[in-house]
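Chains as they are written, first to last, in our numbering: chain C, 1 to 398; chain G, 1 to 98.
Hint data in this document are derived by calculation from the structure and do not stem from the laboratory.
None of the values given here were measured: they were computed from a predicted structure.
Heads up, the beta-carbon is just placed ideally off N, CA and C, and yes, glycines get one too.
Mixed in with the good hints there might be a few duds.
[Unchecked claim] Calculated lysine-lysine pairs in the DSSO-like style (CA-CA distance at most 30 angstroms, straight line): (1) C:76 with G:9; (2) C:10 with C:45; (3) C:189 with C:70; (4) C:53 with C:76; (5) C:196 with C:70; (6) G:94 with C:67; (7) C:45 with C:70; (8) C:48 with G:7; (9) C:246 with G:9; (10) C:216 with C:196; (11) C:282 with G:94; (12) C:10 with C:216; (13) G:45 with C:67; (14) C:246 with C:339; (15) C:53 with C:70; (16) C:76 with G:45; (17) C:246 with C:196; (18) C:48 with C:70; (19) C:189 with C:216; (20) C:10 with G:94; (21) C:10 with C:196; (22) G:94 with G:9; (23) C:70 with G:45.
[Unchecked claim] Partner residues aside, some chain G positions facing chain C, computed with beta carbon under 10 angstroms: (24) 4; (25) 5; (26) 18; (27) 31; (28) 61; (29) 83; (30) 84; (31) 86.
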Amino acid sequence: MDDLIRHSMKLQPNRDELGRQHFVSGLRSYILNDMAAGMAQAYEKRAKGVFEKETGRAPENGDDVHKALKPDNYFKFYSSFRCNAQEMVWRSILPTLERDEADLAERAEVLAAEAASGGATLTLDPELDIPRYVTAVDVHLMPGNYTGAEGETGYGPGALYDHGLAVFSMGLMGSNLDDIGRSVAGFVKARYPDFKPERILDMGCTIGHNTVPWAKEYPNAEIHAIDVAAPCVRYGYARARANDVKIHFHQQNAEHAQFEDGSFDVVFSSMFLHELAPAAIKNVFAEAFRLLRPGGLMVHMELPPNDQMNAYDGFYLDWDSFYNQEPFYKPFRDQNCQKLCIEAGFAEENYVQFVIPSREGYGEQVFQEAVGHQGDVDRDTVGRLAAGIQWYAFGAWK
Amino acid sequence: MAEWSFKGKRATFFDDPAIDHVVAMLLALSSEVWSLRERVFVIEKVADESGLDLSAAVEAYRLSGDEQAALTQQRQAFIDRIMFVLREEIEQLKTPQD
Numbered sequence: 001m002d003d004l005i006r007h008s009m010k011l012q013p014n015r016d017e018l019g020r021q022h023f024v025s026g027l028r029s030y031i032l033n034d035m036a037a038g039m040a041q042a043y044e045k046r047a048k049g050v051f052e053k054e055t056g057r058a059p060e061n062g063d064d065v066h067k068a069l070k071p072d073n074y075f076k077f078y079s080s081f082r083c084n085a086q087e088m089v090w091r092s093i094l095p096t097l098e099r100d101e102a103d104l105a106e107r108a109e110v111l112a113a114e115a116a117s118g119g120a121t122l123t124l125d126p127e128l129d130i131p132r133y134v135t136a137v138d139v140h141l142m143p144g145n146y147t148g149a150e151g152e153t154g155y156g157p158g159a160l161y162d163h164g165l166a167v168f169s170m171g172l173m174g175s176n177l178d179d180i181g182r183s184v185a186g187f188v189k190a191r192y193p194d195f196k197p198e199r200i201l202d203m204g205c206t207i208g209h210n211t212v213p214w215a216k217e218y219p220n221a222e223i224h225a226i227d228v229a230a231p232c233v234r235y236g237y238a239r240a241r242a243n244d245v246k247i248h249f250h251q252q253n254a255e256h257a258q259f260e261d262g263s264f265d266v267v268f269s270s271m272f273l274h275e276l277a278p279a280a281i282k283n284v285f286a287e288a289f290r291l292l293r294p295g296g297l298m299v300h301m302e303l304p305p306n307d308q309m310n311a312y313d314g315f316y317l318d319w320d321s322f323y324n325q326e327p328f329y330k331p332f333r334d335q336n337c338q339k340l341c342i343e344a345g346f347a348e349e350n351y352v353q354f355v356i357p358s359r360e361g362y363g364e365q366v367f368q369e370a371v372g373h374q375g376d377v378d379r380d381t382v383g384r385l386a387a388g389i390q391w392y393a394f395g396a397w398k
Numbered sequence: 001m002a003e004w005s006f007k008g009k010r011a012t013f014f015d016d017p018a019i020d021h022v023v024a025m026l027l028a029l030s031s032e033v034w035s036l037r038e039r040v041f042v043i044e045k046v047a048d049e050s051g052l053d054l055s056a057a058v059e060a061y062r063l064s065g066d067e068q069a070a071l072t073q074q075r076q077a078f079i080d081r082i083m084f085v086l087r088e089e090i091e092q093l094k095t096p097q098d
């Protein structure tokens, strides 16, 4: 595996840049597999005992686990390595991007013109008020966040995210970064074979990498994708064309989208809610309810919630909230997913949740076998980007 | 290169923040060393395919003045990539943030 990007919207790293990208992926794999296992041992054999001795009780929740681990030497190195590796992800892309952005933008414009002649649309809204939870923080240490600094071409932040994600995910998000979308869309299609959505919306789509598989699973459906970040939807529009699918991209805020009531059969999101302020999550759910037709499905792929997980694995995921500039990660994970749906107007009995083995990681047979099962959320493979990952998704039928 | 860093404050984990800096440099250095190894691996493969006895030729090679100058420039950029955390600390002192 040499190139990390499999479509034509790719930057051209030189040999050394490619070597650095490979190194960061390898370092992350070591941290998230080997060191994660080491840290679990350090916790069980060392940190937990110290905590118990000092407090006279066992750790009961994620905060206790955090307190127990914080002074532990192995935790310090795990955390320090992870923070560095996270920064190195973006640093392994930015020099290439700086050199190659203009060329990439030229190729993107050709793809965008092709997309337009194929009937796809890109609708930007320069007046859109970008929410503070996007402008105030460079989420997961990504320089410029999704909106980026004032880019010369308008494609930079999208390209940074696409290529960075390829380095970051170590192949676990699929060889075309579409495994979440492929897994969730494929799971919905296999579990509900009579459900034939005609109009599908992806909320907070960024570069549309997980929108693409919906277009492939449901080729007759009309697919729309929205995000507040213009550079992401602009990039996603060309990228979708590079992946041979037709998707309508819009610069819109999912808290108050510009579509009619009851105009979608599926409202989907992936890795989106945990980057929103809690009040915004409520608005997004209300909006999903408004946009769905009766009989439609809201489905969010997300990190599994703390109330379905043991304290250690719960904290392991919440690490990002403390150290990876993910301020809304834990606040999201501390919520009850079913309650969020009910508060938005969905009936309690219409709640659904899925544990989906990574379709590319496990292969088609295991994936299809899982379709008939409930799935156990409280596993260290659920939502944890490491070998054997399973995706968590939840939502409700309207 | 400061624009290649995120907006916000780096987390620190060790009692002495100098250790956090050393870890950053160690990992950046590891990345450089790996990248180099990857390149050498490719060079050897290319040489093999071309039927060239590369290692003997490398031992016998003498750099020209221009080549030395080019390497000097590359080496300074290499060192900067490794030592960036310290440089940025000073740069931030020079341009106070809001």
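Of the numbered hints stated earlier in the document, which are not met by this structure? 2, 3, 5, 6, 8, 9, 11, 13, 14, 16, 20, 21, 23, 26, 28, 29, 31
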